[in-house]
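2 protein chains.
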Amino acid sequence: MKILTLTNEVKKELLDKLIKRSPNNYSQYEKNVDLIINEVKEKKDEALFDFTLKFDKANINTTNILVTNEEIDEAYEQVDNRIVDVIRKAKINIEKYHSKQKQNSWFTSEDGKLLGQKVTPLNRVGVYVPGGKAVYPSSVLMNVLPAKVAGVNEIIMCTPPMENAKAYAQTIVAANEAGVDKIYKVGGAQAIAAMAFGAESVPKVDKIVGPGNIYVALAKKAVFGYVGIDSIAGPSEILVLADETANPRYIAADLLSQAEHDELASAILVTTDLDLAKQVKIEIDNFIKVLSRKDIIEKSLENYGYIIVAENINDAIDVCNEIASEHLEIITKNPYETMTKIKNAGAIFLGEYSSEPLGDYFAGPNHVLPTNGTARFFSPLGVDDFIKKSSIISYSKEALEKVYKDIIYFAESEKLTAHANSIKVRFENEKGE
Amino acid sequence: MKILTLTNEVKKELLDKLIKRSPNNYSQYEKNVDLIINEVKEKKDEALFDFTLKFDKANINTTNILVTNEEIDEAYEQVDNRIVDVIRKAKINIEKYHSKQKQNSWFTSEDGKLLGQKVTPLNRVGVYVPGGKAVYPSSVLMNVLPAKVAGVNEIIMCTPPMENAKAYAQTIVAANEAGVDKIYKVGGAQAIAAMAFGAESVPKVDKIVGPGNIYVALAKKAVFGYVGIDSIAGPSEILVLADETANPRYIAADLLSQAEHDELASAILVTTDLDLAKQVKIEIDNFIKVLSRKDIIEKSLENYGYIIVAENINDAIDVCNEIASEHLEIITKNPYETMTKIKNAGAIFLGEYSSEPLGDYFAGPNHVLPTNGTARFFSPLGVDDFIKKSSIISYSKEALEKVYKDIIYFAESEKLTAHANSIKVRFENEKGE
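Top to bottom, those sequences are chains A and B.
Residue numbers for the first sequence follow this note's numbering, beginning at 1 and rising by one.
Residue numbers for the second sequence follow this note's numbering, beginning at 1001 and rising by one.
Simulated from the structure, these hints should not be mistaken for laboratory data.
Some hints here could point you the wrong way.
Subject to a maximum C-alpha distance of 25 Å in a straight line, what follows is the list of computed DSS-like cross-link-like pairs (lysine-lysine) [unchecked claim]:
no.: 1; chain 1: B; residue 1: K1299; chain 2: B; residue 2: K1278
no.: 2; chain 1: A; residue 1: K182; chain 2: A; residue 2: K91
no.: 3; chain 1: A; residue 1: K182; chain 2: B; residue 2: K1343
no.: 4; chain 1: A; residue 1: K91; chain 2: B; residue 2: K1415
no.: 5; chain 1: A; residue 1: K100; chain 2: B; residue 2: K1091
no.: 6; chain 1: B; residue 1: K1096; chain 2: A; residue 2: K294
no.: 7; chain 1: B; residue 1: K1054; chain 2: B; residue 2: K1166
no.: 8; chain 1: A; residue 1: K204; chain 2: A; residue 2: K281
no.: 9; chain 1: A; residue 1: K299; chain 2: B; residue 2: K1221
no.: 10; chain 1: B; residue 1: K1043; chain 2: A; residue 2: K17
no.: 11; chain 1: A; residue 1: K204; chain 2: B; residue 2: K1017
no.: 12; chain 1: B; residue 1: K1424; chain 2: A; residue 2: K278
no.: 13; chain 1: A; residue 1: K12; chain 2: A; residue 2: K2
no.: 14; chain 1: A; residue 1: K341; chain 2: B; residue 2: K1102
no.: 15; chain 1: A; residue 1: K20; chain 2: A; residue 2: K424
no.: 16; chain 1: B; residue 1: K1043; chain 2: B; residue 2: K1031
no.: 17; chain 1: B; residue 1: K1204; chain 2: B; residue 2: K1221
no.: 18; chain 1: B; residue 1: K1278; chain 2: B; residue 2: K1294
no.: 19; chain 1: B; residue 1: K1017; chain 2: B; residue 2: K1278
no.: 20; chain 1: A; residue 1: K343; chain 2: A; residue 2: K12
no.: 21; chain 1: B; residue 1: K1020; chain 2: A; residue 2: K204
no.: 22; chain 1: A; residue 1: K333; chain 2: B; residue 2: K1017
no.: 23; chain 1: A; residue 1: K424; chain 2: B; residue 2: K1043
no.: 24; chain 1: B; residue 1: K1281; chain 2: B; residue 2: K1002
no.: 25; chain 1: B; residue 1: K1204; chain 2: A; residue 2: K100
no.: 26; chain 1: A; residue 1: K405; chain 2: B; residue 2: K1289
no.: 27; chain 1: B; residue 1: K1020; chain 2: A; residue 2: K424
no.: 28; chain 1: B; residue 1: K1102; chain 2: A; residue 2: K343
no.: 29; chain 1: B; residue 1: K1278; chain 2: B; residue 2: K1012
no.: 30; chain 1: A; residue 1: K299; chain 2: A; residue 2: K11
no.: 31; chain 1: B; residue 1: K1020; chain 2: A; residue 2: K31
no.: 32; chain 1: A; residue 1: K2; chain 2: A; residue 2: K31
no.: 33; chain 1: A; residue 1: K20; chain 2: B; residue 2: K1281
The following residues of chain A were derived to be distant from chain B, with all beta-carbon distances above 10 Å [stated by the list, open to error]:
no.: 34; residue: E13
no.: 35; residue: E42
no.: 36; residue: A47
no.: 37; residue: K57
no.: 38; residue: E71
no.: 39; residue: I72
no.: 40; residue: D73
For every residue, glycine included, the Cβ atom is placed at its ideal position computed from N, Cα and C.
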């Protein structure tokens, strides 16, 4: 973990390094992903089953692709009762927070004119859930519950099977608790293609959400436009903005909590206090020794771990806005005041007891957040992702009559005479025309 | 214009045909687009100027790429005063409608816990405006004004120059009226790349919006993730849902108003009344003869024009929902009642005086709408496109203490021990731990 003084060069190096982790920089896999997508588009189920045998070593066919009620019961037997209990508690908080995000249809009306915006939930959504080394029930809740709250009609899930042709028990339990309608045992780019174009066994959806490896990320980007997708997820990040009032031990623990995700994860402290910087470094070195994911943490910190010392709080805030981190902890004398100057961050954690894992699991806000600087323009996953809007326009004859000559003029100035005609025809029998 | 009875086969043929118009089906241009993007990424201004000379036959350099105040004055001299007047009237309506879309930051608080969502406008947005055969001031207003209403800090525009190295006068005037900060004379995929990655002359933006040809559409898809983009626009569409109470002359005029856009545009009538269907066909044939864009209209109607007769209104509504049209006019006995059953449409026009061009130019709602079936999951362009959200999480020590054991359990069950540690460390000195 490097301690560096904030300069323009340091900032540039840091930003360049972080952006290189973008899934957009893995075009070498694009060809393979396109092959898989085209194969599924053409051969549908047959291709799904072939790829599942090839990549997951699992024998999946039309009779066992769907997780059955018996398999759901089995899954509950396999997991601890306490995890079910904790999932249910987290679910209450997540639903409560997301229900505040619901938007109403609205209209305005005056003098023969009604204008409005109609909010409609998506009809069918597909949630992708990875298997393998990272089975995260919390991720299932965070992806499914906003869709539930939005009122999506049908939520399906795709997740790669284990070699015994079963889905992971924790995934099944979390999906069932969250209210998923159907779970299909298929993963990778092939699952994304199936949900985008439909196969015999897997229905076409309106939008695909959920994390995945580089194949899944590229497949989602490739099908974007045929279906909606959530934002393109990169590796996880934490940024801590702290002054001399912060507890270095807490900061060290929080930085490590993101560094353990994977080798591309990034953990950065920006502080105005050199002493704090030094103490955090010492605490990190102590913690690493005892943490189970030591190897991952060491690689991630070596490449993407930084301790940056800024001259004053405004410089520190500026660099935080430029990094636009997925998670931002503010541990300063007055974190609310500092927060008012933050423009770019996925989730902002205020004060020393708002540690990042609180948001990952429990508090209620979504943990699917914009990564890799995309907090400049993307938002956390939420109810907005599972609705769409339609404009409503209704004018009476009288209302149209007041403005029709302007519309005709505008259309004709753009040389769109059939547009003009569609207005003209409604007043062709009027006197004086 | 074909009159067909609604059957599953007809529906399938229609949907298959419409989806083929998607910009996603033009991958043959992808390689060229990637070349242009990489060239701009690497050589920046130099590449922009070379491509502009090659594609637009215009000599653009650092001294003339930016539209000057003198050029703005010149542009006002070149356009009719009345268009400025109409632009200003339309602007008032568009701003009024979009200001209703503004969302507030919000928070909830109880018992040591504060959760919220912070709404922040994007910092810098790039609006692309095509040149050539389609210079549409209305499109400038529709793309720029929602960003203005959202509070975007800086709005830049890129638009291809004419051979004399000037931008189109109507575009300049509309941009100036809408409040664009800077207009750059560069077009095509090269303009998109410049706004995504930055060049010496053109600054990097957070999001790119605006229509364009297939090169522009593919370039926007390619840079998605580095920057935000609006939805991927396909050819324009109108769908009219009408019963026996509708005026066939109005419907014919409205169908033609979209058919004139381009040869890929689609115009569809779904009706429960065969007589109406026949009369609309006759009216269309009469109108075509006298309209200036006859050739485009004929080709578009031949390929993507349909009159569909459904047995009853519910069948008619179902097929409208499957088509998910950009524009939907409902001209039935009770259009509001019919509208309650519509799930997928970009903009819905109610009643016989709410003709589609009213929405294109004047009423206020945006005319940048989801095309090609994407109304299943995309919304009209609006203020939402120019803001992003950040979650806010703040727990007191007491609030965290009530739940910290559950969080630790959840993290450990996902084998993320550093996550668990970040919670544990905050209570390591408590009695009983």
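For each hint, the structure was consulted:
no.: 1; hint: B:K1299 <-> B:K1278; in the structure: holds (20 Å)
no.: 2; hint: A:K182 <-> A:K91; in the structure: holds (19 Å)
no.: 3; hint: A:K182 <-> B:K1343; in the structure: holds (23 Å)
no.: 4; hint: A:K91 <-> B:K1415; in the structure: holds (20 Å)
no.: 5; hint: A:K100 <-> B:K1091; in the structure: violated (32 Å)
no.: 6; hint: B:K1096 <-> A:K294; in the structure: violated (56 Å)
no.: 7; hint: B:K1054 <-> B:K1166; in the structure: holds (16 Å)
no.: 8; hint: A:K204 <-> A:K281; in the structure: violated (50 Å)
no.: 9; hint: A:K299 <-> B:K1221; in the structure: violated (33 Å)
no.: 10; hint: B:K1043 <-> A:K17; in the structure: holds (20 Å)
no.: 11; hint: A:K204 <-> B:K1017; in the structure: holds (18 Å)
no.: 12; hint: B:K1424 <-> A:K278; in the structure: holds (22 Å)
no.: 13; hint: A:K12 <-> A:K2; in the structure: holds (15 Å)
no.: 14; hint: A:K341 <-> B:K1102; in the structure: holds (20 Å)
no.: 15; hint: A:K20 <-> A:K424; in the structure: violated (56 Å)
no.: 16; hint: B:K1043 <-> B:K1031; in the structure: holds (18 Å)
no.: 17; hint: B:K1204 <-> B:K1221; in the structure: holds (16 Å)
no.: 18; hint: B:K1278 <-> B:K1294; in the structure: holds (21 Å)
no.: 19; hint: B:K1017 <-> B:K1278; in the structure: holds (23 Å)
no.: 20; hint: A:K343 <-> A:K12; in the structure: holds (19 Å)
no.: 21; hint: B:K1020 <-> A:K204; in the structure: holds (17 Å)
no.: 22; hint: A:K333 <-> B:K1017; in the structure: violated (62 Å)
no.: 23; hint: A:K424 <-> B:K1043; in the structure: violated (51 Å)
no.: 24; hint: B:K1281 <-> B:K1002; in the structure: holds (8 Å)
no.: 25; hint: B:K1204 <-> A:K100; in the structure: violated (34 Å)
no.: 26; hint: A:K405 <-> B:K1289; in the structure: holds (23 Å)
no.: 27; hint: B:K1020 <-> A:K424; in the structure: violated (33 Å)
no.: 28; hint: B:K1102 <-> A:K343; in the structure: holds (17 Å)
no.: 29; hint: B:K1278 <-> B:K1012; in the structure: holds (23 Å)
no.: 30; hint: A:K299 <-> A:K11; in the structure: holds (21 Å)
no.: 31; hint: B:K1020 <-> A:K31; in the structure: holds (22 Å)
no.: 32; hint: A:K2 <-> A:K31; in the structure: violated (38 Å)
no.: 33; hint: A:K20 <-> B:K1281; in the structure: violated (57 Å)
no.: 34; hint: E13; in the structure: holds (17 Å)
no.: 35; hint: E42; in the structure: holds (15 Å)
no.: 36; hint: A47; in the structure: holds (19 Å)
no.: 37; hint: K57; in the structure: holds (22 Å)
no.: 38; hint: E71; in the structure: holds (20 Å)
no.: 39; hint: I72; in the structure: holds (19 Å)
no.: 40; hint: D73; in the structure: holds (20 Å)
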